[in-house]
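Chemist: Starting from the known structure of chain P, fit chain A onto it as the hints suggest.
Residue numbers (this note's numbering), protein chains in the order written: chain P, 2 to 396; chain A, -6 to 251.
There may be inaccurate statements among the hints.
Said to hold, decoys possible - Under the rule of at most 25 angstroms between Cα atoms (straight-line distance), these lysine to any residue pairs were calculated in the SDA-like manner:
1. 191/A - 209/P
2. 164/A - 209/P
3. 82/A - 59/P
4. 59/P - 343/P
5. 220/P - 263/P
6. 124/P - 103/A
7. 211/P - 164/A
8. 4/A - 103/A
Rather than coming from a laboratory, the hints here were simulated on the basis of the structure.
Bear in mind that the values here come from a model prediction, so they are computed numbers and not experimental data.
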Amino acid sequence: MPELLAPAGDFEKLEFAFLYGADAVYFGGQNYSLRANAKNFSNEEIKSATQYAHKLNKKVYVTVNIVFHNADLKGIDEYLIYLDKINVDGIIASDILIIKRVKKLGLKLHLCLSTQASVLNKKAVDFWKKLGVKRIVLAREASRKEIKLIKERGIEVETFIHGAMCTSFSGKCVLSNYMTLRDSNRGGCAQICRWNFLIDGKPDLTIMPKDLNMLPFIKDEIDLKIDSFKIEGRMRSIYYVATVILCYRRIIDAAIKDELTIGLEKYYLNILNRCANRESTPQFYDKLPGVNEQYFDGRIEVSNQDFLGLVIDYDEVNKLAIVESRNYFKIGDEVQFFGPDMETFNYKINKIYNDDFEEIEASRHPKKIVKIPINKRLSKNTMMRIKAFDKNDFL
Amino acid sequence: MKKKLVTVNSKEIINDLREIDNVTLLYPLKSFCVGNEVLFEIEEIDDFVLVNRILDDEDLDLLKKVLNKGKGNIKGIVFDDLGVLDIIKDLNIVKILLLDHLATNYESINYYLEYVDSVVVSNDLTEEEIKEILNKSKKGLVLNVFGLKTLMYSRRLLLTNYNKFHNLEFKNNEVASIENKKFRIIENEYGTKFYALKYYNALKLLELENVFFYWYDTTLLNKEDTLKLIKENNVENIECDELFLNKATIYKVGDIDA
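Extracted from the complex, chain A is given alone in its bound form:
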């Protein structure tokens, strides 16, 4: 199994990525993703497919048709909504569950592994928590080692509403801030995602074991930086942050004083 799972962030980069050893390509699927500016039709996909939004029944029916169209070309799927499990049960592809903020302990992950080949470990965790999960997981897991950190996913069209209210021309991919924290905001017709502006850098976890894939989510990175990252793990031109890797979140508000 190839170890690096790389989100495809432009059509122009595909051939370059294919030339790199050990790389599996992950294509955000058009109509089924939120937070990706570059999306792909099923006919363009010859590796793994990303379905990262919450779906209703109509969406699932449509997704089933779309995936059937891609039968033979698609090698795997990374998906968020548990409803997808049923429509892919007969497809002979690798199934990876992306629960974003909800895959935060080894026991739950092990339960989900009864249904899928692998689960993406949440990147809301400390390094120690991630290590414990990997140690106690009954299958190899997908470890997000680099990428835009999703902070919030809304079904609302937050930028559209904002621009409409203030009578401004629509601009996607806005950068906003609160105090010293910065955010990147991407919207499409299915909703809005808020990311941390700095990329999540967990490359120091690359040596960990029991990993199915090291996921490099290169969303919105330019070609040069993407290739440097994938080829050499070089992030010298990219603003990065380890986020929660060395900062535990607090269980209860009361714990602030404890």
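Isolated chain P, as found in the complex:
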């Protein structure tokens, strides 16, 4: 069974990732991590996160994956020793100095080589393995054939299965540095590959890839005995984390039981694409990506307001879901409730009460607490979204 590895931009996202089915999460500390714009975790929070995960029998991996400049070396030993001491389950690094220092310091940290290292062949794997690397996070450019050969090397293999793609090989791009002086290899990527380039007398050049989704090949990757399936997106919302993790949890479980049908795949694909506001494809796994794997009309993401509310409690006596609103909804709306311990179900809202138990027509303000009569008991942290797709239509 492959590990389902989720992004956790902060502690709340970590909790939702675990709740919705992740086996492990990855996140960065305040320094040395490639998502400098995420909230990231203080040392104390890393410790709490590790303890929290271990109580659930789950794992945490800490990214220490910047490409270091001379001045960044200060304090790194203390940080690595700290991570080792609090028993994080692994670190994800791209710079050889981290691998070497961990060995030199005699730490037991499980070393994962970041995708920044762009590993695509067995001999590169052997190089890193000899240095003590236990897991390789493969380049997102790796094809099935390349993955299969590398897996035969007797090393843990982690592959990305969902999320945004870089246009370049990871680590092989400094467009952001050139345009904005924000260092992409030290956490400041300004995503220049999503901008339009002008060419004289021709249409704008766009090089933006669609997202990655490995949905059609999950079973195949399970058969290849991939050790960890990684979801990209430390900057994403709890709604995104919950939705994507739950979809893949169910896809993986169904694939293992040989119950993943084309209909189910289509259903989940629709949900995943809508949640990200972008289209997605398997990218490099089965072919060299072409026209269909890119966007050519600039940035086409249209933000939707699908996430309507978060169930924060359930009133057993009055059969009411207590919901913290996230987006506008009103009486008559067709919604869906989904969560980790239940089947997603459709619901037409026929009454909404405010805090004072007065009937209201609509919930108009984010974070407003409202009550919705519903006979089914709902767990805390169940989510309510716009009903965009009905599973039954795909079965």
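Modeler: For chain A alone, coordinates are given in the frame of chain P:
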């Protein structure tokens, strides 16, 4: 050891370059490079060979055969993919690791120097950072003092896809821009490279010590400008930029306000 490493940018210039003192020629190897318009068969190479793309196992097997064919003629190799290390371990040639954006501190470079004769220092760095690396490096390093600055390397065929989508005739070596920044884009069947249009000029670093080679990457320069550059360090006809030499990049987005 000859001090100038010069990328060969045309077949016609080879004899002229050979006549210049202190020059080692670096030939981009056909099927193993991205971002070079002029590529060379192994039989044409009698000096150093450039292998600058990320390789899979099939590529490595093929590269091994190709390099064996060139045994005796090849004097050195500049390569990007760490997988190459294994297939060249028994070749008696100079081994230089080109990590592009990843050779940015002295400690990592010193670790890599345990496996190779030299490492190319990243040109994403400030002058001060480069000097510190050279001072603390345990072997001489390759310093890129002039050349097209690689900004991005993709395995995708970005120009092919663009032309196909818009139903345009394919044209390589496109020039594109965002605001006042200009780019040169080169594609071949193995991927696409984006360069800064202006050449990176770090000739002011020529006097630095602990340098194995000063690398002049003359990709896409015409013959006249190339020879002036190599003979006299003359760049008067070439649009140049010092890029990051005097502009430090920012560690975190939050640092913009700091």
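Chemist: Hint by hint, say whether it matches the structure.
Modeler: Consistency of the hints with the structure:
no.	hint	result
1	191/A - 209/P	holds (24 angstroms)
2	164/A - 209/P	holds (20 angstroms)
3	82/A - 59/P	violated (42 angstroms)
4	59/P - 343/P	holds (21 angstroms)
5	220/P - 263/P	holds (12 angstroms)
6	124/P - 103/A	holds (21 angstroms)
7	211/P - 164/A	holds (24 angstroms)
8	4/A - 103/A	violated (36 angstroms)
When held up to the earlier numbered hints, the structure conflicts with 3, 8 and fits the remainder.
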